[in-house]
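Enquirer: Line by line, the protein sequences are chains A and B.
Numbering-wise (the UniProt record's numbering), the first sequence opens with residue 1 and increments by one.
Numbering-wise (the UniProt record's numbering), the second sequence opens with residue 1 and increments by one.
Hints listed in this document are in silico derivations from the structure and should not be mistaken for laboratory results.
Any given hint could turn out to be false.
Simulated restraints, written as ranges between beta carbons of each label pair [unchecked claim]:
#1 B:R134 with A:L2: 35 to 43 Å
#2 B:G289 with A:D274: 52 to 60 Å
#3 A:T452 with B:K301: 53 to 61 Å
#4 A:R99 with B:D362: 31 to 39 Å
#5 A:P168 with B:E67: 47 to 55 Å
#6 B:N298 with A:G423: 51 to 59 Å
#7 B:R153 with A:Q358: 34 to 42 Å
#8 A:G423 with B:H363: 31 to 39 Å
#9 A:Q358 with B:S96: 30 to 38 Å
#10 A:R422 with B:D362: 44 to 52 Å
#11 A:R92 with B:L365: 36 to 44 Å
#12 B:T87 with A:K357: 42 to 50 Å
#13 B:D89 with A:N162: 34 to 42 Å
#14 A:R92 with B:D274: 20 to 28 Å
Subject to a maximum C-alpha distance of 30 Å in a straight line, what follows is the list of computed DSS-like cross-link-like pairs (lysine-lysine) [what the hints assert, rightly or not]:
#15 A:K123 with B:K123
#16 B:K357 with A:K123
#17 A:K414 with A:K459
#18 B:K123 with A:K357
#19 A:K190 with A:K357
#20 A:K190 with B:K190
Where a beta carbon is used, it is the ideal one built from N, C-alpha and C, also for glycine.
2 protein chains.
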Amino acid sequence: MLYENLAAEVEEAVRRGVFAVGERVPSVRQASTQYGVSIKTVLRAYALLESRGLLETRPQSGYFVREMPAAKPEPPAASQPPPVASTVDVSRLVLSTLRSIRSHDATPLGSPYPDPSLFPWRKINQLANAIARRHSSWNLIDDLPPGNPELIRQIARRYAENGVPVDPDEIVITVGATEAINLSLQAVAKPGDTVAVESPTYYAMLHAIERMGMRAIEVPTHPAEGINIDALAKIIGEHEIAACMVMPNFQNPLGFVMSDANKQRLVELLAEHDIPVIENDVYQELYYGDARPSTLKNFDKNGLVLHCASFSKSLTASYRIGWAMPGRYRRQVEKLKFLNTLTTPSVPQVAVADYLKQGGYDHHLRHVRRIYRQQARLMIATVQRFFPAGTQTSGPMGGYVLWVELPGAVDSMKLYKAALERGITIGPGTMFSSRDAFRHFIRLNYSYPWNTQTEAALKTLGELAASMAGRRQHER
Amino acid sequence: MLYENLAAEVEEAVRRGVFAVGERVPSVRQASTQYGVSIKTVLRAYALLESRGLLETRPQSGYFVREMPAAKPEPPAASQPPPVASTVDVSRLVLSTLRSIRSHDATPLGSPYPDPSLFPWRKINQLANAIARRHSSWNLIDDLPPGNPELIRQIARRYAENGVPVDPDEIVITVGATEAINLSLQAVAKPGDTVAVESPTYYAMLHAIERMGMRAIEVPTHPAEGINIDALAKIIGEHEIAACMVMPNFQNPLGFVMSDANKQRLVELLAEHDIPVIENDVYQELYYGDARPSTLKNFDKNGLVLHCASFSKSLTASYRIGWAMPGRYRRQVEKLKFLNTLTTPSVPQVAVADYLKQGGYDHHLRHVRRIYRQQARLMIATVQRFFPAGTQTSGPMGGYVLWVELPGAVDSMKLYKAALERGITIGPGTMFSSRDAFRHFIRLNYSYPWNTQTEAALKTLGELAASMAGRRQHER
Chain A
1 MLYENLAAEV EEAVRRGVFA VGERVPSVRQ ASTQYGVSIK TVLRAYALLE SRGLLETRPQ
61 SGYFVREMPA AKPEPPAASQ PPPVASTVDV SRLVLSTLRS IRSHDATPLG SPYPDPSLFP
121 WRKINQLANA IARRHSSWNL IDDLPPGNPE LIRQIARRYA ENGVPVDPDE IVITVGATEA
181 INLSLQAVAK PGDTVAVESP TYYAMLHAIE RMGMRAIEVP THPAEGINID ALAKIIGEHE
241 IAACMVMPNF QNPLGFVMSD ANKQRLVELL AEHDIPVIEN DVYQELYYGD ARPSTLKNFD
301 KNGLVLHCAS FSKSLTASYR IGWAMPGRYR RQVEKLKFLN TLTTPSVPQV AVADYLKQGG
361 YDHHLRHVRR IYRQQARLMI ATVQRFFPAG TQTSGPMGGY VLWVELPGAV DSMKLYKAAL
421 ERGITIGPGT MFSSRDAFRH FIRLNYSYPW NTQTEAALKT LGELAASMAG RRQHER
Chain B
1 MLYENLAAEV EEAVRRGVFA VGERVPSVRQ ASTQYGVSIK TVLRAYALLE SRGLLETRPQ
61 SGYFVREMPA AKPEPPAASQ PPPVASTVDV SRLVLSTLRS IRSHDATPLG SPYPDPSLFP
121 WRKINQLANA IARRHSSWNL IDDLPPGNPE LIRQIARRYA ENGVPVDPDE IVITVGATEA
181 INLSLQAVAK PGDTVAVESP TYYAMLHAIE RMGMRAIEVP THPAEGINID ALAKIIGEHE
241 IAACMVMPNF QNPLGFVMSD ANKQRLVELL AEHDIPVIEN DVYQELYYGD ARPSTLKNFD
301 KNGLVLHCAS FSKSLTASYR IGWAMPGRYR RQVEKLKFLN TLTTPSVPQV AVADYLKQGG
361 YDHHLRHVRR IYRQQARLMI ATVQRFFPAG TQTSGPMGGY VLWVELPGAV DSMKLYKAAL
421 ERGITIGPGT MFSSRDAFRH FIRLNYSYPW NTQTEAALKT LGELAASMAG RRQHER
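So here's chain A without its partners, still in its complex pose (with noise of 0.2 Å):
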């Protein structure tokens, strides 16, 4: 059995990223040395996991690691709302739903978080210690709104680099995106107020909208295109839209990337009609492909775009740093801030300032993409595997949670408590809508360390949504 444990410690070492997709993992010969086995261990490791697909050979190379295939998912099909605005009220059951996943014991599917041991959190907390001992007495006033200089520069440079157009004294610090797409909401809309978004929705967009008691018209989205731009013109004609809500790239929960003509065009319809958009673009880091793509602020011409992001998703979750770029709604923004929480601690943003001065930032994120993209496709491979016929999945395109769709007579919230009981924690599709929506659909985070107990977790999600499935049409 001594070649299944090579082969185990191998994948594993695969899936952590120390050997990427596409490099060569050591040779007979070293692994040989390296694990202390017989040649012939090795080979039978290899044979092993070249079998299962997940290592190649290549005549006169070696053996490398297989791009994981990209699952072809059957995708959702895209949403069709009723064009009628609702008031909303999912806070608590997303709050209930995050207090669930509070155990560490449990396997955290639902959970909204990256997986925190992946972050550089060591290089940060020492940061922050030597900025505090620098500091003695460092106060308030030093970081007033709109924030840090330094800070503010690390992140306009960023984005200049990355070819968003950025005029650092537009960018506003904030205590994480949710504060910048609250405020952001708060500058350009008044309580009544009808705000568009996307269906299914992020659920802090309709947090943002629930507390200023606005109401939200869900607008039907496409699970690879994004949000449908003729029927958002088609709402506009029809209802008094204030703002639109959206999130252009690596959607939440849905994955996708709009594209860049998509984008344009998204910005040039609410310019014709001077509604400004909120684009929370979080994941902006953390893309699978080649580069990061384009912003809504790419294209935008007449300072409509309030462009929201934090290093909450890429770098750390802890120190709550956010900022928004609130084009021409700049100066009542930063107000905004100077109102609701007076300021953004200061040690956390000079010490972010100062890992991003120093480098390494895109070292990081390297690392986490690869680990991040190589678990999509673990995730949609495993919940293909497990779960019931009918169930289909977004093709996540960044981030780090996959949409799920059970067949129609899976109810997720019983289908999240049942596996809460068994110490899985999954998010069910309900908190993405504000009409109840999205019953039998669940979001999955595959940001954590794939193991065994993510395949038993995801068994066992499977075994439950196909009693449910089946149960239900028996019902019937």
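Once you have looked at the hints, place chain B on chain A.
Expert: Here is chain B on its own, set in the frame of chain A:
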């Protein structure tokens, strides 16, 4: 001149709280050894300090630090605002004032913050570092609203020890008291509603009203007794009042403490009309008397008191840890907290909890209270010495700010600008009203180390004020 140097050194030690009021200073013999000067020099130095009123001799006992004579300031008259609700727009003025004190060279008489060098920052940072190390993968989910359980327990313990009725389940941790006040107001009133406030009122209260698009109505307020409850009753009879916001203890800027009888009357009056009251108690630990004063919570039978406080004035400003005890509005406040900023960063929450658990907070507080009380008296005496005739000051019973009424002809915004050119900041009175009132008032911070720069700044301010008072009188 040696004895003058020694006198200056002893005086500085007294001012920094090394020798507290009522304590014995080193005996003549001890001082002679300690400072390496002759007995005669010590005697001359002590005689000088006695003549200045800083020391007193007691027969057979030695030299003692004299209680600074409690200044008997002529307090400003009670305010008489017209009973008219008005929209609020003071945040730009406040933000620009705060920015102006960002320069570390300026004499920070305009700062709203306590001297950060008095905080036990070294201890707190050590604790934070230890926590960050312990929890390599600390994440946001651990301390979701209402907040870290141990921190909540520690806060509840201090209330219980101080005779304030408290249920730990009522406490919600926030990003500073600013957020606690914002969420509390949002929980009880809606845009367009009218909120009763003190006059002058702490501008954070006005910010909360401005943020929500509500209206403020200012209630006559006595500089030593607080809000005029009869006047408030009349306003309630004539206006629809959605909420009341007060600072019963060490009000900023007036410094009064409402009597228990008045606190009870206020709570009962509001209960009669079912009006919630937001109590800002951020200076609770900075009393000059023997014990922490009571709160409105002590008299609340109906859950209508939303009590807000923080550690920013007494322990650490940069960690931004505050809390609300929102009575019957607890569920709404918790939900709004979640919607507003998701969560308060974990490490600062746990660091503060650890600090409170270890003990040492009371020792630290006794030290800063002694300094603030002494410096309050110095500030009053120095203002009386340098400012033009007709100047009157508050008599703060805690906290670290003094409210100064200048001759009516002085425009505090002009004084603010003229002072700023000379490297001195002050808080112009107009920040404390929604009606552009208090134009000839200023607020002065006396928490910073008292030194010759402070005295020189006050002398300059006095001269500027005198010239403005004279010029205007001349212009008439």
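Enquirer: So, for every hint listed, does it hold in this structure?
Expert: To see whether the hints hold, each was checked on the structure:
1. Look at R134 (chain B) against L2 (chain A): about 38 Å separates their beta carbons, and that is inside 35 to 43 Å.
2. Remark: the range hint 52 to 60 Å for G289 (chain B) to D274 (chain A) is upheld by a beta-carbon distance near 59 Å.
3. Here the CB-CB span from T452 (chain A) to K301 (chain B) is close to 57 Å, well matched to the stated 53 to 61 Å.
4. Range check, R99 (chain A) to D362 (chain B): Cβ separation about 34 Å, and the 31 to 39 Å hint holds.
5. Taking the beta carbon of each, P168 (chain A) and E67 (chain B) are about 54 Å apart, inside 47 to 55 Å as hinted.
6. The beta-carbon spacing between N298 (chain B) and G423 (chain A), approximately 45 Å, falls outside the hinted interval of 51 to 59 Å.
7. As the Cβ distance of R153 (chain B) to Q358 (chain A) is approximately 39 Å, the hint placing it in 34 to 42 Å holds.
8. For the pair G423 (chain A) and H363 (chain B), the beta carbons lie near 45 Å from each other, so the given range of 31 to 39 Å is not met.
9. The beta-carbon spacing between Q358 (chain A) and S96 (chain B), approximately 34 Å, falls within the hinted interval of 30 to 38 Å.
10. About 48 Å separates the C-beta atoms of R422 (chain A) and D362 (chain B), a value consistent with the hinted range of 44 to 52 Å.
11. With their beta carbons about 39 Å apart, R92 (chain A) and L365 (chain B) fall inside the hinted range of 36 to 44 Å.
12. For the pair T87 (chain B) and K357 (chain A), the supplied restraint of 42 to 50 Å holds, since their beta-carbon distance comes to about 43 Å.
13. Between D89 (chain B) and N162 (chain A) the CB atoms are about 38 Å apart, so this pair conforms to the stated range of 34 to 42 Å.
14. Distance hint check for R92 (chain A) and D274 (chain B): the Cβ-Cβ separation is about 25 Å, which falls inside the suggested range of 20 to 28 Å.
15. The suggested pairing of K123 (chain A) with K123 (chain B) holds, with an alpha-carbon distance near 21 Å, which does not exceed 30 Å.
16. For the proposed pair K357 (chain B) and K123 (chain A), the alpha carbon gap of about 28 Å is at most 30 Å, so the pair holds.
17. At most 30 Å may separate the alpha-carbon atoms for a hinted pair to count; K414 (chain A) and K459 (chain A) meet this at roughly 17 Å.
18. With a CA separation close to 28 Å, the supplied pair K123 (chain B) and K357 (chain A) stays within the 30 Å bound.
19. Among the hinted pairs, K190 (chain A) with K357 (chain A) is inconsistent with the structure: their alpha-carbon atoms are about 39 Å apart, more than 30 Å.
20. For the proposed pair K190 (chain A) and K190 (chain B), the alpha carbon gap of about 12 Å is at most 30 Å, so the pair holds.
Checked against the numbered hints given earlier, this structure breaks hints 6, 8 and 19; the rest are met.
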